[in-house]
Amino acid sequence: MIDLRTLSRRGFLNMSAAGAAALALPAGLFRAGTASAATLPAVAEEDAVIGFGHVGPITDEGWTWSHHQGLLAVKEAFPKLKKVIEVENVPYSADATRTYRQFVSEGANMIFDTSSTGDFLHEVVKRAPEVAFMECDGHQVMDNLGWYYLAHWYPTYVIGVAAGHLSKTGKLGYVASFPVASVFCSTNAFLMGARSVNPAATLQTIAINSWFDPQAATQAGTALIDNGCDFLFGIMDEAGYLQVAEQRGVWAAMWNTDIRRYGPNSYVSSVIIDFKKFYVDQVGKRLAGTWSPSETLLQMGSGVDRDVWGAKVPADVAKAADAVRDKIVGGWSPFTGEIKDSTGTVRIAKDQKMTDTELYTWDWSVEGVSGLTS
Amino acid sequence: MLSGLRLQRLPSAHPGIALGARVAAIFLALLLASIVLEISGAAPLELGIQVISATFGSTYGIEDLCLLLIPLLMTGLAVAVGQQIGAWNIGAEGQFYAGAFSATAIGLFVPGPEILILPLMFIAGAVGGMIWILVPTLARAYAGVNELITTLLLNFVAALMVYYVSTGPWRDRVGMSNSATPRVKAEIPEFWGLVHWGLPLGVLMAIGFALVLSYSKWGYEVRLSGSNPSAAKYAGIPVRRHIITVMLLSGMVAGIAGMFEIAGTVHRLQGGISNNFGYLGIMVAVLARNSCVGVIFSAALMALILNAGIILQTQGLTTSAVLAITGLILFLTAIGDELAHYRITRIKI
Chain A
1 MIDLRTLSRR GFLNMSAAGA AALALPAGLF RAGTASAATL PAVAEEDAVI
51 GFGHVGPITD EGWTWSHHQG LLAVKEAFPK LKKVIEVENV PYSADATRTY
101 RQFVSEGANM IFDTSSTGDF LHEVVKRAPE VAFMECDGHQ VMDNLGWYYL
151 AHWYPTYVIG VAAGHLSKTG KLGYVASFPV ASVFCSTNAF LMGARSVNPA
201 ATLQTIAINS WFDPQAATQA GTALIDNGCD FLFGIMDEAG YLQVAEQRGV
251 WAAMWNTDIR RYGPNSYVSS VIIDFKKFYV DQVGKRLAGT WSPSETLLQM
301 GSGVDRDVWG AKVPADVAKA ADAVRDKIVG GWSPFTGEIK DSTGTVRIAK
351 DQKMTDTELY TWDWSVEGVS GLTS
Chain B
1 MLSGLRLQRL PSAHPGIALG ARVAAIFLAL LLASIVLEIS GAAPLELGIQ
51 VISATFGSTY GIEDLCLLLI PLLMTGLAVA VGQQIGAWNI GAEGQFYAGA
101 FSATAIGLFV PGPEILILPL MFIAGAVGGM IWILVPTLAR AYAGVNELIT
151 TLLLNFVAAL MVYYVSTGPW RDRVGMSNSA TPRVKAEIPE FWGLVHWGLP
201 LGVLMAIGFA LVLSYSKWGY EVRLSGSNPS AAKYAGIPVR RHIITVMLLS
251 GMVAGIAGMF EIAGTVHRLQ GGISNNFGYL GIMVAVLARN SCVGVIFSAA
301 LMALILNAGI ILQTQGLTTS AVLAITGLIL FLTAIGDELA HYRITRIKI
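Protein chains in written order, with the numbering used here: chain A, 1 to 374; chain B, 1 to 349.
Label pairs and their in silico Cβ distance ranges: (1) Val36/B <-> Lys327/A: 50 to 60 angstroms; (2) Gln215/A <-> Leu19/B: 36 to 46 angstroms; (3) Pro214/A <-> Gly327/B: 19 to 29 angstroms.
No wet-lab data here; the hints were simulated from the structure. Backbone N, C-alpha and C fix where the C-beta goes; we use that ideal spot for every residue, glycine too.
Model the full assembly from the supplied sequences, consistent with the hints where possible.
Right under this line is the structure:
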């Protein structure tokens, strides 16, 4: 397992070296707390209860595992905490409401929903004004609810550049979960990166209606390769399609963590994530009584990045992709017009730069992406 | 000299013994679970107290219990109603989806005041559930096709249909990490705390079915057709017509359950909205021995177990441990129910 801290530090140094032109806000703060929201009173560490609800199992070596590392970092930073509650496999259903209500009953002072359960969480938020809530990939802010997420589109673009170099057929495949903003953004960024190298590249997408379903992801990966794709990417919490890629001898890039051991020859890179600093910071603020609901997008280099390149990735490809990465860290945005959607209509005018909000709520496919209905 | 003990099966269990067997089964299951927990280092007694106090010691707990009870009561009732005429409705899951789907269609696309939309959604849910069981019903009534298979298979069709519309054409365009439709505006008013009027309505429906089945001519004919179709036919009872009516009613109840879930609890149509309530309904009906009033109590027991599962998870038990305990309780209860039908007799030869 690669040491995420080293990676983050390096990214962070790069960023400061570049003067952090476009990323002037510290630690990826997107928008500070709303003015109207009063802060919640301080809590002594020994009295504090912190809750984490996850979408999958903490052993997934992916999304949930990464958030669990954040929880461990919180425990390490605040060893005297009265209790840290953690529930895995919180379903996207009324059971999520029941689970988070139970957190509140247990006396939680702060609750992290690590995979946006939307209204199911908000029901609880409204009825527990004394509890601070943070929703990962959330979209709503209330007096006691904020959200946080990752600007994953930048490392995804970088990996897309590598895919443009590595794919021989120009046909790329994507194992998606649901047609939601993070998936639209991920597929678009990936293909735009690839098209910056090979303008004829296309991306075929299969949505499997789950973030964690190794069997369905494996089937989708197989179908994509059967259709001629020679580079697989996706947004899964586990390594299913990487194993398929290894067996079939095509390239694959992943999400969340370094899982190259499941496909050492196929592994290109990962959109690698690290929430540790963010969680420690948020819990610290809650304890000190300075927490207020914020909207945070962790930027490339401080929470999200590409992983160390795979063993079989040629050095010149890695170099070309890293040059793009440096450019982005330096403040350049690849998401600048003209950008056409999948029907050929110009959606972003020439030289117009997409804002973080637009990227975060992207709900249409760019030209060349197929399989997602918008 | 040749005297021995024999087991004799009674056609119906003595109520006292049945109750005793059930209590013993639950106790045994909890005891077994406690031993396992104790061995794995948890404190079972404290956990038990935690579950009881979290469920009954707070408004939150009782509200959660009731919200779980509503769909379980309805799907359990759906299965129990079908059983009156000997039909296994394994498709309550699919009819639940179909009811939720139809109710959402009305809620999203028909404009009008809530007072009008809610009854329309109710009717749509009922009709949706009936449509979903229509083909298995006709196949059973006219061609003798086993409804176990047909109703079961249609569950997958309904689930995928709901997945398709909620991630496709009806998807909420405002970003969410999982796909669902926009919020349905019409909501069933709350009756106590967070608990909506679906609960009293469901209880009334269960009592209504029980009364009609026990005290009307139609109910008598249905029960007779269920227990002995040939005799019923011979007596001039229109068995086929009763099969059609009862199965459609069964589908209707499951469809209404889906409507309640949309308009009362979840408010958005999404994949997985049924939360397995359709399948759990089979368990509820079996535990109630297909008694419509009994369903109210077995659904309450099931709701208690499911709610305890959620509480135990926040106490650090993994999902699989909770599932195992739940399964153990149901398994032993089913055995206990069956054993209550036997008595030991001494036989002399």
